[in-house]
Amino acid sequence: MATKGSRILVETLVEEGTEVIFGYPGGAVLPLFDALYDAPIRFVLVRHEQAAAHAADGYARATGRVGVCIATSGPGATNLTTGIATANMDSIPVIAITGQVKTHLIGNDAFQEADTTGITRSITKHNYLVKDIRDLARTIKEAFYIARTGRPGPVVIDVPVDITMAELEGEPDKRIRLPGYKPRTEGHPRQIRLAAAALNEAQKPVLFVGGGVILSNASEELRQLAETANAPVTMTLMGLGAFPGDHGLSLGMLGMHGTPAANYAVTESDLVFAVGARFDDRVTGRIDAFAPSAKVVHIDVDPSSISKTVHVDIPVVGDAAQILRELLPHVRHGAREAWHAQIAGWKQNHPLSYNGGDAIKPQAVIQELCRMVPEDTIITTEVGQNQMWTALWYTFRKPRTLLTSGGLGTMGFGFPAALGAQAAWPDRLVIDIAGDGSIQMNIQELATVVQHKLPVKVLILNNGYLGLVRQWQELFYNKRYSHSHMDNPDFVKVAEAYGARGLRVTDPKDVHRALEEMIRTEGPVFLDVVVAPEENVFPIVPAGEAINRMMGGLA
Amino acid sequence: MESGEELNMRHVISALVENKSGVLAHVAGLFSSRGFNIDSLTVGRTENPGVSRMTIVVEGDEAVLEQVRKQLGKVIDVLKVSDYSGRDIVQRDLALVKVFAPPAKRSEIVSLIEIFRGNVVDISSTDMVVELSGPEAKVDAFVEVVRPYGIRELVRTGLVALARGEQK
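So the protein lines, in turn, are chains G and Y. Numbering-wise (the working numbering), the first sequence opens with residue 1 and increments by one. Numbering-wise (the working numbering), the second sequence opens with residue 1001 and increments by one.
These are computed hints drawn from the structure, not numbers from a lab. Predicted, not measured: the structure shown is a model, and the values here were computed from it. Any given hint might turn out to be false.
To be verified - As a list, the in silico BS3-like pairs of lysine-lysine whose alpha-carbon atoms are at most 27 Å apart: (1) Lys1105/Y to Lys308/G; (2) Lys131/G to Lys1020/Y; (3) Lys1080/Y to Lys182/G; (4) Lys182/G to Lys4/G.
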């Protein structure tokens, strides 16, 4: 019996558990779309391929499953690249299937041809060009395996159109062949014991957790570790939600826009116990001033992240959840009264703050929102001030409730990521917190959420500027606001033009009611919140400074 | 070892990779995007038809070398990474040198070639092509010795290496 390539492809996707695909058709994927027409997979048609990649990414972040997106050859594939790079930087398991011109035309500058594998090589965990129909099924299975194991990441599968039209006799060989890929999950027992000993002996330890804890689904193990050891916990942006933000041991986020308590604690610590974090420059500040008196334990699934920026004394390579489980029996409770008193002092003397005023304060809006919504609400953000205020003023208690582009910092991520998350969780509240700049990068997805009935709520913190750029220009470039001011459209009318609901609030007294309206709206809605135009995110650690040298907003 | 000596140290790394299209581009792209300094890179077949061996000479200190090893290891099609630093290895670089060799100078040049145990593989009325292999330093020395005569063209493979002694 002969099977068409497009059928093999779709069947293998179903076997790998694919339930939703985000994408956009085109010439090189017509046969594939024909096979999708009556396939048991839900298809969400976006309005720009970049949004398809972000939606698959948001779906993956919200569920822990592999997200799938499809685009055609040439411009379809190149439009995916920002989304793929975003997923790559944050280690998100995404499969991007791109059409390609016929095999015999590859390299001939054919119509809608691009060197997709060449272009995406540096932004994927791995990529494939399928040149033979006999390799198709195996390639897809390998791609899923690579995407979801070890340190997760995006995989691109470039499929020439003639492969999808070709026919294969008999059963395809689906056995995975990856002799060069052996991800390590088990930690070395000796290293685990050393790590436990270091934690037990430390007088001033800090547990420092990143996105890896969420990817590994290790939140429960982390909480047990923190409580057993009685050690304070700080999170990177990607780690928010891995540990409850309102837990007594939580220090909040650390780094460039981190809380004073977190930044002081890390700087004064004698042990930095890192789990699933990569010591990124936004977090460490000046490296030679980062935790100068501390030993460093680093638990991570990727050996290349260990000692890449900060020297690590006790590395433990493997899966976070597994290692924490094995670590726990060796960990002792430590009273460490002096350390906890010092931390309490920092929290009391340097709480986060902002000034009042006549205009709506974005920080207040986010605080209010947090009070009004259920704990399992999914928040996505764009990039810039909207993102940092969300990180500081919204209390995340559960993993996979904050979906944000931390590594690449991609404006335009939040709205499509939200629609991806909503497709995964139709009954949960999903809110994109955006700026007026960011929302315009993928505003066309209003059409997608209306057509596919994805009731995403978008809260636009509208200050008429590229906020964080303006802030840096104010603080470090003598207020020379070079091209950071924007004339914006009427967001209410834009939403309504697409068939969604549009709301606006301009008076602080009306904020609560407006948020309530937004939350209660049954379908997709834009809430345009006109906020104080020159509000800044504080504290801020200027670039190149040590993280305990914060400026602004310290009470 | 003093830190001054570690600067600009050259390390030899040998990687076994799957013999698939794109692997060379991937490794080259990796080195370029991460800012690693490659002195030379050779790749060729091994005793196993599906597997190629890459020999890479990298400049940098210990920290750079560790990152190079780890990042290379992450590439899916890289099967094994061996760091030859501090190990006893056989190193060879092969050069083909086209020297300007008019009849009057020929015998001089040939005796130099004999000293280096090279071979004349082509000769014409004005030029001579010499094949020479050995450790890089030997090849460097030969090139310097014949340079005064006039080097028309020169091609080198770059370093290939294998560890001495028993296979572990």
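Now the hints, each set against the structure:
no., hint, verdict
1, Lys1105/Y to Lys308/G, "56 Å, violated"
2, Lys131/G to Lys1020/Y, "12 Å, holds"
3, Lys1080/Y to Lys182/G, "11 Å, holds"
4, Lys182/G to Lys4/G, "32 Å, violated"
This entry does not satisfy hints 1 and 4, going by the numbered hints stated previously.
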